[in-house]
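A.B. asks: This is what each chain is made of:
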Amino acid sequence: MSRLLPKLIRPTVSYRPSAITPLSTSGLTAAESRELEQRLQKRQVKEFMTVFGNLVDNCFAACVDDFTSRALSGRETGCLSRCVTKSMATQTRLGERFAELNAAMTAEMQKR
Amino acid sequence: MSLFGFGRPQPTSAEKIAAVENELRVVAEMHSRMIKLCTLKCVDKTYREGELSKGESVCLDRCAAKFFEAHQTISEQLQREGAARGFGA
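Chains as they are written, first to last, in our numbering: chain A, 1 to 112; chain B, 1 to 89.
There's no promise every hint is true.
[Claimed, not checked] Straight-line distance between alpha carbons at most 16 Å, and here's what the computed EDC-like set of lysine to aspartate or glutamate pairs gives:
hint : chain 1 : residue 1 : chain 2 : residue 2
1    : A       : 46        : B       : 29
2    : B       : 41        : B       : 61
3    : A       : 42        : B       : 21
4    : B       : 66        : A       : 100
5    : B       : 16        : A       : 32
6    : B       : 54        : B       : 44
7    : B       : 45        : A       : 76
8    : B       : 45        : A       : 57
9    : B       : 66        : A       : 96
10   : A       : 46        : B       : 21
11   : B       : 36        : B       : 61
12   : B       : 16        : A       : 108
13   : B       : 16        : A       : 37
14   : B       : 45        : A       : 65
15   : B       : 36        : A       : 57
16   : B       : 36        : A       : 35
These are calculated hints, taken from the structure and not from any lab test.
Let's have the full structure, built from the sequences with the hints guiding it.
C.D. replies: Structure, rendered in structure tokens:
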């Protein structure tokens, strides 16, 4: 089973708990913070697997459509490669926008 | 909005941690939905290029902003109409 999964690179999270939940994270003891950290790490791993799954689904759907052969054609392989690169770039860019917009929304909610 | 006021029993550790986890789950879901939707709307599905074009990049930025605005608009309207029909706060 493990050969099906890519070696897990520690996923970078574009949102740290303290940055987006100033309301909830204030007032946690050290022990509670540690427990939270552990749970968040597990969650991050799960999220990475979801992202990976979505990536495969999306790129397969977009690129693979020729079933006259069992092997991926050169065209399909190239398309998959471009799809992965583009998807990563999209995730990065949207991650930045999301963090900005989320911070703005949180700030506005606190003002009200 | 603070849930923890005077004269109420202090929330347990489990409750506090659950609150943070919950908030994060909501945010993460929103993040993932936004990526799915904006990819659908902005990115060329034939993947002829391996890099985002300038047009696609600008589209993604605008899509993210509109997504947040739509989220807020819908949320506000839902609250108004829900209150009018007697749904819970």
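A.B. asks: Taking the hints in turn, state whether each one holds.
C.D. replies: Results of checking the hints against the structure:
no.: 1; hint: 46/A <-> 29/B; in the structure: holds, 13 Å
no.: 2; hint: 41/B <-> 61/B; in the structure: holds, 12 Å
no.: 3; hint: 42/A <-> 21/B; in the structure: holds, 11 Å
no.: 4; hint: 66/B <-> 100/A; in the structure: holds, 13 Å
no.: 5; hint: 16/B <-> 32/A; in the structure: holds, 8 Å
no.: 6; hint: 54/B <-> 44/B; in the structure: holds, 12 Å
no.: 7; hint: 45/B <-> 76/A; in the structure: holds, 13 Å
no.: 8; hint: 45/B <-> 57/A; in the structure: holds, 13 Å
no.: 9; hint: 66/B <-> 96/A; in the structure: holds, 15 Å
no.: 10; hint: 46/A <-> 21/B; in the structure: holds, 14 Å
no.: 11; hint: 36/B <-> 61/B; in the structure: holds, 14 Å
no.: 12; hint: 16/B <-> 108/A; in the structure: violated, 23 Å
no.: 13; hint: 16/B <-> 37/A; in the structure: holds, 13 Å
no.: 14; hint: 45/B <-> 65/A; in the structure: holds, 13 Å
no.: 15; hint: 36/B <-> 57/A; in the structure: holds, 12 Å
no.: 16; hint: 36/B <-> 35/A; in the structure: violated, 31 Å
Comparing the model with each earlier hint shows violations of hints 12, 16; every other hint is respected.
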